[in-house]
Amino acid sequence: MTDLTNLTVAQIRDGHRAGDFSAVEVAEAFSANVAGAKALNAFIVETPEHALAAAKQADADRAAGTLKPLSGVPIGMKDLFATNGVQTTAASHMLEGFVPRYESTVSQKLWDAGAGMLGKLNLDQFAMGSSNETSYFGNVISPWRRKDGGNAALAPGGSSGGSSSAIAARLCPAATGTDTGGSIRQPAAFTGISGIKPTYGRCSRWGIVAFASSLDQAGPMARDVRDCAIMLENMAGFDPKDATSLDLPVPDWEAALSSDLKGKTVGIPKEYRLEGIDPDIDAMWEAGIAMLKDAGAEVVEISLPHTKYALPAYYIIAPAEASSNLARYDGVRYGLRDLPDGAGLQDMYAATRADGFGPEVKRRIMIGTYVLSAGFYDAYYTQAQKVRTLISRDFTAAFESCDVILAPTAPSAAFGLGEKTADPLAMYLNDVFAVPASLAGLPAMSVPAALNREGLPLGLQIIGRAFDEQGVLNAGLAIEERAGFTARVEKWW
Amino acid sequence: MSNYTIKGETGDWEVVIGLEVHAQVTSNAKLFSGAATAFGAEPNTQVSLVDAAMPGMLPVPNRECIRQAVRTGMAIDAQINKWSRFDRKNYFYADLPQGYQISQLYHPLVGEGSLTIEADEKAGIPEPKRIGIERIHVEQDAGKLMHDQHPTMSYVDLNRSGVALMEIVSRPDMRSPAEAGAYVRKLRSILRYVGSCDGNMEEGSMRADVNVSVRKPGDEFGTRTETKNVNSVRFVMAVIEGEAKRQVELIERGGTVVQETRLYDPDRNETRSMRSKEDAHDYRYFPDPDLLPLELDDAFLDECRASLPELPDAKRARYLAEGISAYNAEVLTAEVEAARWFDALLEAGAKPVAAANWVTSELFGALNRLGRDISDSAGQPGAGRRTARACRRRHDFGHDRQAGVRKDARNRRRRRRDRRS
Chain A
0 MTDLTNLTVA QIRDGHRAGD FSAVEVAEAF SANVAGAKAL NAFIVETPEH ALAAAKQADA
60 DRAAGTLKPL SGVPIGMKDL FATNGVQTTA ASHMLEGFVP RYESTVSQKL WDAGAGMLGK
120 LNLDQFAMGS SNETSYFGNV ISPWRRKDGG NAALAPGGSS GGSSSAIAAR LCPAATGTDT
180 GGSIRQPAAF TGISGIKPTY GRCSRWGIVA FASSLDQAGP MARDVRDCAI MLENMAGFDP
240 KDATSLDLPV PDWEAALSSD LKGKTVGIPK EYRLEGIDPD IDAMWEAGIA MLKDAGAEVV
300 EISLPHTKYA LPAYYIIAPA EASSNLARYD GVRYGLRDLP DGAGLQDMYA ATRADGFGPE
360 VKRRIMIGTY VLSAGFYDAY YTQAQKVRTL ISRDFTAAFE SCDVILAPTA PSAAFGLGEK
420 TADPLAMYLN DVFAVPASLA GLPAMSVPAA LNREGLPLGL QIIGRAFDEQ GVLNAGLAIE
480 ERAGFTARVE KWW
Chain B
0 MSNYTIKGET GDWEVVIGLE VHAQVTSNAK LFSGAATAFG AEPNTQVSLV DAAMPGMLPV
60 PNRECIRQAV RTGMAIDAQI NKWSRFDRKN YFYADLPQGY QISQLYHPLV GEGSLTIEAD
120 EKAGIPEPKR IGIERIHVEQ DAGKLMHDQH PTMSYVDLNR SGVALMEIVS RPDMRSPAEA
180 GAYVRKLRSI LRYVGSCDGN MEEGSMRADV NVSVRKPGDE FGTRTETKNV NSVRFVMAVI
240 EGEAKRQVEL IERGGTVVQE TRLYDPDRNE TRSMRSKEDA HDYRYFPDPD LLPLELDDAF
300 LDECRASLPE LPDAKRARYL AEGISAYNAE VLTAEVEAAR WFDALLEAGA KPVAAANWVT
360 SELFGALNRL GRDISDSAGQ PGAGRRTARA CRRRHDFGHD RQAGVRKDAR NRRRRRRDRR
420 S
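Residue numbers (numbering that gives the first Met the number 0), protein chains in the order written: chain A, 0 to 492; chain B, 0 to 420.
To be clear, the hints were calculated from the coordinates, so they are not data collected in a lab. One thing to keep in mind: the hints can contain errors.
[Unchecked claim] Taking lysine-lysine and the DSBU-like style, the derived pairs with C-alpha atoms no more than 30 Å apart in a straight line are:
{"hint": "1", "chain 1": "B", "residue 1": "Lys81", "chain 2": "A", "residue 2": "Lys385"}
{"hint": "2", "chain 1": "B", "residue 1": "Lys143", "chain 2": "B", "residue 2": "Lys128"}
{"hint": "3", "chain 1": "B", "residue 1": "Lys143", "chain 2": "B", "residue 2": "Lys6"}
{"hint": "4", "chain 1": "B", "residue 1": "Lys143", "chain 2": "B", "residue 2": "Lys121"}
{"hint": "5", "chain 1": "A", "residue 1": "Lys307", "chain 2": "A", "residue 2": "Lys269"}
{"hint": "6", "chain 1": "B", "residue 1": "Lys81", "chain 2": "B", "residue 2": "Lys314"}
{"hint": "7", "chain 1": "B", "residue 1": "Lys128", "chain 2": "B", "residue 2": "Lys185"}
{"hint": "8", "chain 1": "A", "residue 1": "Lys240", "chain 2": "B", "residue 2": "Lys128"}
{"hint": "9", "chain 1": "A", "residue 1": "Lys146", "chain 2": "A", "residue 2": "Lys419"}
{"hint": "10", "chain 1": "A", "residue 1": "Lys240", "chain 2": "B", "residue 2": "Lys88"}
{"hint": "11", "chain 1": "A", "residue 1": "Lys240", "chain 2": "A", "residue 2": "Lys263"}
{"hint": "12", "chain 1": "B", "residue 1": "Lys128", "chain 2": "B", "residue 2": "Lys215"}
{"hint": "13", "chain 1": "B", "residue 1": "Lys6", "chain 2": "B", "residue 2": "Lys314"}
{"hint": "14", "chain 1": "B", "residue 1": "Lys88", "chain 2": "A", "residue 2": "Lys361"}
{"hint": "15", "chain 1": "A", "residue 1": "Lys269", "chain 2": "A", "residue 2": "Lys240"}
{"hint": "16", "chain 1": "B", "residue 1": "Lys143", "chain 2": "A", "residue 2": "Lys385"}
{"hint": "17", "chain 1": "A", "residue 1": "Lys361", "chain 2": "A", "residue 2": "Lys307"}
{"hint": "18", "chain 1": "A", "residue 1": "Lys240", "chain 2": "B", "residue 2": "Lys215"}
[To be verified] Label-pair ranges, simulated between beta-carbon atoms:
{"hint": "19", "chain 1": "B", "residue 1": "Phe38", "chain 2": "A", "residue 2": "Pro339", "range": "36 to 44 Å"}
{"hint": "20", "chain 1": "A", "residue 1": "Tyr369", "chain 2": "B", "residue 2": "Gly370", "range": "53 to 61 Å"}
{"hint": "21", "chain 1": "B", "residue 1": "Ala40", "chain 2": "A", "residue 2": "Asp246", "range": "27 to 35 Å"}
{"hint": "22", "chain 1": "B", "residue 1": "Glu8", "chain 2": "A", "residue 2": "Pro339", "range": "35 to 43 Å"}
Backbone N, C-alpha and C fix where the C-beta goes; we use that ideal spot for every residue, glycine too.
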């Protein structure tokens with residue numbers, strides 16, 4: 000019998016519908032992989048009973064002829080989504096033991112579509128990080144290893160590092176991610192999988208622990224483009240509980256998938272050609288251009304002149320919003336409370352927040368507090384918002400001469416755990432290609448395109464016009480079909 | 000011009016007063032959540048996940064609260080800003096679950112407007128005076144700490160957390176406690192006419208931050224102090240009197256007034272310092288990224304305007320035109336219930352002057368003796384019509400008696416129909 004955990008979401012869905020296997024068999028196979036992969040530390044909480052219950056329901060629904068879009072598909076849930084009755088931590092000590100009595104809109108949509116939950120996936124604390132080294136519950140380890148014979152543990156990317164690691168290691172066929180400044184795309188690139196951040200507002204933010212409200216956006220991560228389309232269809236949709244939610248119908252992205260790019264124009268932003276960039280990244284980008292030409296697209300050079308200001312602007316706006324969003328973790332109503340003997344309210348705040356937040360979270364709260372404070376607000380926050388507007392205008396102008404933009408997802412392949420933790424700026428630079436699309440709220444995805452000389456996966460990024468997830472997915476599919484990325488990890492854990 | 004002055008050792012001092020009135024918006028639901036807002040409910044029974052700031056919760060503006068604030072703005076002839084935005088005011092306190100209050104600093108919903116206080120010779124207001132209103136913005140109320148529930152701990156009640164408030168900011172246009180008192184009363188009257196706030200100061204639906212400074216007539220404004228959360232007209236006037244005297248004495252003894260926030264203690268009738276400007280919070284205001292800018296279209300504004308009732312000034316002018324005395328017109332229009340009742344009486348055919356005399360003397364006198372309110376007993380227009388008939392019998396108003404009877408029969412039929420449906 001084939002290993003069910005090698006199947007994609009579409010294959011599980013279709014095979015289950017055809018009666019090739021039961022949903023219970025699928026859930027049990029993935030749950031066994033989850034249970035056997037503690038060394039990767041991808042999950043904070045495992046919930047095989049949830050996956051099994053959904054699978055039993057899926058099998059019953061098949062018998063009754065009432066199958067749903069994701070019946071029989073078990074998935075992983077990033078532990079930033081509130082799940083009713085299941086601990087939700089944002090990978091922080093602050094929320095350790097916190098069990099919400101509500102379900103996030105996105106996770107509820109997935110359960111309504113028939114999916115089951117294998118567990119809550121590890122992440123960077125409050126989604127702040129690019130290597131999954133800031134989790135209170137320990138680093139997530141990438142299943143990938145360099146082909147140098149060494150055993151160096153590699154970063155799975157971040158902040159959705161539990162999601163990327165689990166999918167690459169076949170612990171789940173798909174997972175949810177969230178992307179504030181690359182947190183879906185960069186980990187997807189690091190682990191040889193696909194992931195899409197849709198247009199800001201496509202997926203409801205209700206019930207997702209907030210990092211930076213104007214940037215946070217949920218999206219799927221999976222092994223291929225089709226699975227991303229299927230997942231996204233079942234995550235997106237207008238939600239009256241989120242005032243920034245897009246009131247638009249959800250297209251049938253899967254049905255409209257097409258890798259024929261005749262008549263389409265692909266823009267190559269010249270400002271993304273960084274000096275001294277890894278030659279493997281450059282070669283992959285060139286190969287990607289050739290693949291899209293082969294798919295029928297015309298390729299033109301475009302200019303996004305304010306690109307170099309994107310990262311500084313992002314690291315003002317995101318921390319500013321975070322400093323305010325995380326004020327609610329104060330020890331008063333839920334989560335950690337550290338109340339030293341004889342302490343007053345201020346002491347309780349100080350002790351709780353000192354103990355509950357990790358160093359990276361504290362760093363960003365301090366940066367955010369600083370840039371919003373009287374006397375600095377205009378110099379930092381106002382200026383950053385102006386830059387954000389200019390970056391949006393860059394994209395609007397560029398999309399007059401192209402339909403999608405092609406660029407690398409990250410400036411390097413996965414790095415070793417601990418290699419960048421001493422230098423926050425080097426860590427932040429990882430997001431240099433991802434952040435502009437986040438600031439502009441545009442749909443963007445990463446697809447695996449090549450292996451570098453160390454045998455590690457590299458990802459190509461496609462950025463599209465607002466609301467044009469279809470254009471992004473189609474260009475991603477064209478690359479996927481031509482890149483022939485079949486490399487997968489050897490199980491060592 | 001007000002002739003109110005503080006007599007100091009160095010001469011007369013003028014008092015300059017500005018008021019920030021916080022008025023709770025009459026609405027069944029909070030500003031950004033669906034939770035209820037009734038006064039006096041058991042602690043923490045009117046708290047949604049949003050009000051408690053649970054992880055991942057998001058605010059969604061309540062259209063009715065916005066509508067009430069816009070109608071209030073229209074009632075004070077203010078500029079309505081079709082584009083406004085919410086900002087976060089960040090500070091830590093146990094009664095503030097989000098760690099920030101959603102307010103409007105940079106782009107308020109309502110801009111410049113004004114109201115007019117009536118002349119009151121006895122109170123030292125020789126002629127009507129226009130008081131400028133700088134802005135009205137909407138914001139969330141905080142919860143309430145309870146310090147008497149436990150020997151060493153404080154409890155928090157979040158029922159008020161997230162309730163919609165209008166902050167109505169006057170210009171520093173008032174010059175005496177009497178003017179400030181008249182302003183609060185007039186504002187309260189307008190709010191109650193509009194129906195945007197019940198004006199109930201005892202229940203905290205309306206409270207004022209009182210800004211006071213003193214100067215020698217003709218000088219620049221002095222340094223002001225702000226006394227927070229004053230919850231009656233009498234206390235507002237007492238705060239101004241006390242604070243003005245304190246400032247004059249301080250300056251004349253060679254001291255300087257410091258810009259600070261003060262608290263009023265009604266038991267001792269004195270204010271005391273809460274925090275000075277140096278200790279003032281840095282609120283780190285910035286636009287709330289969970290909310291889109293508020294954009295109002297013409298249809299919405301037209302509906303707001305069309306739904307406004309006749310306001311006190313217009314009503315008073317109409318009564319005066321009917322020959323009703325200035326005193327009676329003022330008394331009849333001050334409270335919306337009395338005005339409505341009187342209008343129902345007129346509608347039923349009562350003669351204006353005689354009816355006004357009867358209502359202000361006999362009816363009000365009788366209600367006073369019984370310790371009752373006009374809304375308690377005979378507040379319904381139908382009941383008003385029956386009383387009108389009684390009036391006509393007693394005073395021989397001699398009007399179209401039949402018309403009133405016909406209308407009464409129509410109303411009875413309508414009531415029967417309503418009961419059936």
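Hints, verified against the model:
Restraint check: the Cα-Cα separation between B/Lys81 and A/Lys385 comes to about 23 Å, which is no more than 30 Å; the hinted pair holds. Distance restraint check for B/Lys143 and B/Lys128: the Cα-Cα separation of roughly 37 Å exceeds the 30 Å cut-off, and the hinted pair is therefore not satisfied. Restraint check for B/Lys143 and B/Lys6: the C-alpha separation of about 40 Å exceeds 30 Å, so the hint is violated. Pair hint B/Lys143 plus B/Lys121 does not hold up; C-alpha atoms about 40 Å apart against a cutoff of 30 Å.
For a cut-off of 30 Å, the pair hint linking A/Lys307 to A/Lys269 stands: about 12 Å separates their Cα positions. Simply put, B/Lys81 and B/Lys314 have alpha-carbon atoms about 29 Å apart, close enough for the 30 Å limit, and the pair holds. Straight-line distance between C-alpha atoms of B/Lys128 and B/Lys185 comes to about 12 Å, which keeps the hinted pair within the 30 Å bound. A hinted pair counts as satisfied when its Cα atoms are at most 30 Å apart, and A/Lys240 with B/Lys128 does not qualify at roughly 46 Å.
Distance restraint check for A/Lys146 and A/Lys419: the Cα-Cα separation of roughly 21 Å lies within the 30 Å cut-off, and the hinted pair is therefore satisfied. Between A/Lys240 and B/Lys88 the CA atoms are separated by roughly 22 Å; this keeps the pair inside 30 Å, and the hint holds. Distance check on the hinted pair: A/Lys240 and A/Lys263 sit about 37 Å apart at the alpha-carbon level, beyond 30 Å; violated. Between B/Lys128 and B/Lys215 the alpha-carbon distance is near 21 Å, which keeps this suggested pair within the 30 Å criterion.
For the hint linking B/Lys6 to B/Lys314, the alpha-carbon distance of about 39 Å lies beyond 30 Å, and the restraint is violated. As the CA atoms of B/Lys88 and A/Lys361 are separated by approximately 20 Å, the hinted pair is consistent with the 30 Å bound. Between the alpha carbons of A/Lys269 and A/Lys240 the distance comes to roughly 40 Å, so the proposed pair goes past 30 Å and is violated. Restraint check for B/Lys143 and A/Lys385: not satisfied, since their Cα atoms lie roughly 39 Å apart, outside the 30 Å limit.
Of the supplied pair hints, the one linking A/Lys361 and A/Lys307 holds, its CA atoms being roughly 26 Å apart against a limit of 30 Å. Distance restraint check for A/Lys240 and B/Lys215: the Cα-Cα separation of roughly 55 Å exceeds the 30 Å cut-off, and the hinted pair is therefore not satisfied. The beta-carbon spacing between B/Phe38 and A/Pro339, approximately 37 Å, falls within the hinted interval of 36 to 44 Å. Taking 53 to 61 Å as the suggested C-beta distance range, the pair A/Tyr369 and B/Gly370 conforms, at roughly 60 Å.
For the pair B/Ala40 and A/Asp246, the beta carbons lie near 34 Å from each other, so the given range of 27 to 35 Å is met. For the pair B/Glu8 and A/Pro339, the supplied restraint of 35 to 43 Å is violated, since their beta-carbon distance comes to about 52 Å.
In this structure, the hints that do not hold are numbers 2, 3, 4, 8, 11, 13, 15, 16, 18 and 22, in rising order.
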